[in-house]
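A.B. asks: Protein chains in written order, with our numbering: chain A, 1 to 320; chain B, 321 to 627.
Simulated from the structure, these hints should not be mistaken for laboratory data.
Where is the CB? At the ideal position from N, CA and C, for every residue including glycine.
Among the hints, a few may not be true.
[Said to hold, decoys possible] Computed, partial: chain A to chain B, Cβ under 7 Å:
1. 49
2. 51
3. 203
4. 210
[Stated by the list, open to error] Straight-line distance between alpha carbons at most 27 Å, and here's what the computed DSS-like set of lysine-lysine pairs gives:
5. 428(B) to 416(B)
6. 149(A) to 23(A)
7. 416(B) to 426(B)
8. 236(A) to 426(B)
9. 570(B) to 426(B)
10. 149(A) to 416(B)
11. 149(A) to 426(B)
12. 570(B) to 428(B)
13. 428(B) to 358(B)
[Claimed, not checked] Some but not every residue of chain B turned toward chain A, in silico, with C-beta under 7 Å:
14. 350
15. 362
16. 366
17. 385
18. 409
19. 497
20. 505
21. 535
22. 543
23. 551
24. 555
25. 559
26. 583
27. 586
28. 587
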Amino acid sequence: MARFVMEFERPLAELEAKLIELKALDAAAELHLDQEIAELEAEVEQLRVTLYQALSPWERVQVSRHPGRPKTQDYIETLGSDVFELRGDRTYGDDEAIFAGLVTIAGRRCVLLGHRKGKNTKENIRRNFGSPHPEGLRKARRAMLLAEKFGLPLVTFIDTQGAHPGLEAEERGQGWAIAENLATLAALRVPVVAVGIGEGGSGGALAIGFGDRLIMLENAYYSVISPEACASILYKDASRAPETSACLQMTAADLVRLGIADEIVPESLGGAHRDPGAVFAAVERAISSALDSLCGQEVGELVEKRFERISAIGVFTEGE
Amino acid sequence: MPISDWFKAREGRRYTVASTDKAADLPDGVWLKCPSCKHTLYQGALNDNLSVCPHCGHHFDMPAYDRVLALADEGTFDETEALVSSLDPLRFSAAKPYATSLASAKEKTGLAEAMITGRALLGGHPVVLGAMDFRFIGASMGSAVGEKIARAFALAQAEDRALVLAIASGGARMQEGMLSLMQMAKTAAAAERLSRAGVPYLSILTNPTYGGVTASFPVLADVILAEPGALIGFTGPRVIEQTIRQSLPKGFQTAEFLVEHGMIDGVVPRSELRDTVGRILDYLCAQDVPEAAVGAVCAVPTEDGEA
Numbered sequence: 001m002a003r004f005v006m007e008f009e010r011p012l013a014e015l016e017a018k019l020i021e022l023k024a025l026d027a028a029a030e031l032h033l034d035q036e037i038a039e040l041e042a043e044v045e046q047l048r049v050t051l052y053q054a055l056s057p058w059e060r061v062q063v064s065r066h067p068g069r070p071k072t073q074d075y076i077e078t079l080g081s082d083v084f085e086l087r088g089d090r091t092y093g094d095d096e097a098i099f100a101g102l103v104t105i106a107g108r109r110c111v112l113l114g115h116r117k118g119k120n121t122k123e124n125i126r127r128n129f130g131s132p133h134p135e136g137l138r139k140a141r142r143a144m145l146l147a148e149k150f151g152l153p154l155v156t157f158i159d160t161q162g163a164h165p166g167l168e169a170e171e172r173g174q175g176w177a178i179a180e181n182l183a184t185l186a187a188l189r190v191p192v193v194a195v196g197i198g199e200g201g202s203g204g205a206l207a208i209g210f211g212d213r214l215i216m217l218e219n220a221y222y223s224v225i226s227p228e229a230c231a232s233i234l235y236k237d238a239s240r241a242p243e244t245s246a247c248l249q250m251t252a253a254d255l256v257r258l259g260i261a262d263e264i265v266p267e268s269l270g271g272a273h274r275d276p277g278a279v280f281a282a283v284e285r286a287i288s289s290a291l292d293s294l295c296g297q298e299v300g301e302l303v304e305k306r307f308e309r310i311s312a313i314g315v316f317t318e319g320e
Numbered sequence: 321m322p323i324s325d326w327f328k329a330r331e332g333r334r335y336t337v338a339s340t341d342k343a344a345d346l347p348d349g350v351w352l353k354c355p356s357c358k359h360t361l362y363q364g365a366l367n368d369n370l371s372v373c374p375h376c377g378h379h380f381d382m383p384a385y386d387r388v389l390a391l392a393d394e395g396t397f398d399e400t401e402a403l404v405s406s407l408d409p410l411r412f413s414a415a416k417p418y419a420t421s422l423a424s425a426k427e428k429t430g431l432a433e434a435m436i437t438g439r440a441l442l443g444g445h446p447v448v449l450g451a452m453d454f455r456f457i458g459a460s461m462g463s464a465v466g467e468k469i470a471r472a473f474a475l476a477q478a479e480d481r482a483l484v485l486a487i488a489s490g491g492a493r494m495q496e497g498m499l500s501l502m503q504m505a506k507t508a509a510a511a512e513r514l515s516r517a518g519v520p521y522l523s524i525l526t527n528p529t530y531g532g533v534t535a536s537f538p539v540l541a542d543v544i545l546a547e548p549g550a551l552i553g554f555t556g557p558r559v560i561e562q563t564i565r566q567s568l569p570k571g572f573q574t575a576e577f578l579v580e581h582g583m584i585d586g587v588v589p590r591s592e593l594r595d596t597v598g599r600i601l602d603y604l605c606a607q608d609v610p611e612a613a614v615g616a617v618c619a620v621p622t623e624d625g626e627a
């Protein structure tokens, strides 16, 4: 399968292609190009480092959307054991854009929620590219309440472009479903750890996307609006998303600075898809230490702290 | 002075010269056209009619102060948190600097922020009353609006006053980035607490109510009302049409559409809002909710009124 090349990676991909070509030539014709190959390899490595070590916000958005990036399902398969999926909202249907289930993760029995993007077109159509309808969010709420009822910690994986924008979603109360989840999450009487693993698109992300801790992968983003939508509102031109993605301050580092996220999980150079194994292990460690510190807390105190944490977010003035 | 100018000057003294500009030289906002029935309306008459077109009943946007005055018992509104207003934490400057938008919104509306809150009486009931003002950056919710709402919920709980909020909003204030998205969680958390405390909360959705605001505190009310024809939804119709190329039925996302789909309790014309809210509060505020019933699934009163 051809490697998916992100826009900003093109110079590197071209250089890598040259290297492969040179190696093939060398092997076929026995030209003894070892010196040239070594030089080109060094050049590739140099470019790889300069390209990836300081990604712009817009480049990170591209990394967060990379088709090979580990998804909720990959985390469950790798880190989870003894998985039992909970399906359906008991009112309308089962929305595959959201995973809900009983999962043992980081050595603890938990309720796990996650936006579920597909690995291929067929899966993506079934899962609506990870964009939930109200029934998906209501299934998530059902799972939250189940976690509370049986004292299981809640772990969520955030990876969505946003709640589904459509006629049926509006008819069934998309805004209502999101709001109810926010109220439920805010007061849930069990520890809640949210992990931003890819895209964090607005209300559809927030509906399962905050709690006692927010852990962000290095190249994950979380934003009030997609950079494209923001650009088309402000400039009437979605292609100016690179500018708005910087203005919106939506990267993991921005979120920590704004006091919204607690921790950044570093990714391998170039993105989590380059070395998923390392990222899985780092995410497991982050979840484990968050749960360790939360699970010992008295429930009333836990909920009060969460309320104060949410209530403290915002920058305003009370002066004249 | 050439003789031609002298004649012109004399004419100017003798007659009122009709403006040569296309627009009539009238003070701003004296006359306006109803966007629904196209009748020309006198602003004063419109104001006297709660900003509702006397010909077709079209509900115009209502400034926040007019709104609270129209809902509160006469002379009872006492503003709180009047000084809470926005800063520019991200130094947001795409297209137009946020600081400029804030300054011009303040100048245009005379408001400090897109929302006002205060204590009032409504139908004789002590309430906390709030209203959003769409003229102020589309009444979008940033940190300051979120804070004012959270404080309104806290005040209602502390003083055991019902909360009545008139909503209008384009959504989250994107110029504050994630800080504004998090106001959805903050206000929903505040609403949840008030609900748990058993204090009544009514929201009145007015035109337009969209985006992140729809998806937070307004729809968590005990009773949700809306004004006729108000457009209310999460994703706006243009975005739906552009993103998924779905054509939308007539009347989509109107208040009436939402009643049909079970999302709100009723559509109430502006002229009847005060009475309707008052009547609902008569029920919800009338009796002391027994301690045991707060948070319980259902309180069944016994014959002597005890639960």
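A.B. asks: Could you check if residue 350(B) really has its C-beta closer than 7 Å to a C-beta on chain A?
C.D. replies: violated, 33 Å
A.B. asks: Take the shortest C-beta to C-beta distance between residue 366(B) and chain A; is it under 7 Å?
C.D. replies: This hint is violated: residue 366(B) lies away from chain A, its Cβ roughly 30 Å from the closest one there, beyond 7 Å.
A.B. asks: Quick check on residue 497(B) please, does its C-beta sit within 7 Å of some C-beta on chain A?
C.D. replies: Given a least distance of 5 Å, the restraint on residue 497(B) holds.
A.B. asks: Can the hint on residue 210(A) be confirmed by a CB-to-CB distance to chain B that is less than 7 Å?
C.D. replies: holds, 5 Å
A.B. asks: When you check the alpha-carbon spacing of residue 570(B) and residue 426(B), does it fall within 27 Å?
C.D. replies: Not OK: residue 570(B) and residue 426(B) at ~36 Å, beyond 27 Å, violated.
A.B. asks: Does residue 49(A) pass the interface hint, meaning its C-beta sits closer than 7 Å to a C-beta of chain B?
C.D. replies: violated, 30 Å
A.B. asks: Let me know if the C-beta of residue 559(B) comes in closer than 7 Å to any C-beta of chain A, holds or violated.
C.D. replies: Holds - the Cβ of residue 559(B) comes within 7 Å of chain A, reaching about 6 Å at its closest.
A.B. asks: Would you check the hint for residue 428(B) and residue 358(B), treating anything up to 27 Å between C-alpha atoms as holding?
C.D. replies: Holds, at about 25 Å.
A.B. asks: Closer than 7 Å between Cβ atoms is the bar; does residue 51(A) clear it against chain B? Give me holds or violated.
C.D. replies: Hint on residue 51(A): violated, closest Cβ of chain B at ~25 Å, above 7 Å.
A.B. asks: Mind checking the alpha carbons of residue 149(A) and residue 23(A) for me, to see if they're no more than 27 Å apart?
C.D. replies: violated, 62 Å
A.B. asks: Can the restraint linking residue 149(A) and residue 426(B) be considered satisfied, given a maximum Cα separation of 27 Å?
C.D. replies: violated, 48 Å
A.B. asks: Hey, does the residue 505(B) contact hint survive, CB to chain A under 7 Å?
C.D. replies: holds, 5 Å
In summary, the numbered hints that this structure violates are 1, 2, 6, 9, 10, 11, 12, 14, 15, 16, 17, 22, 23, 27 and 28.
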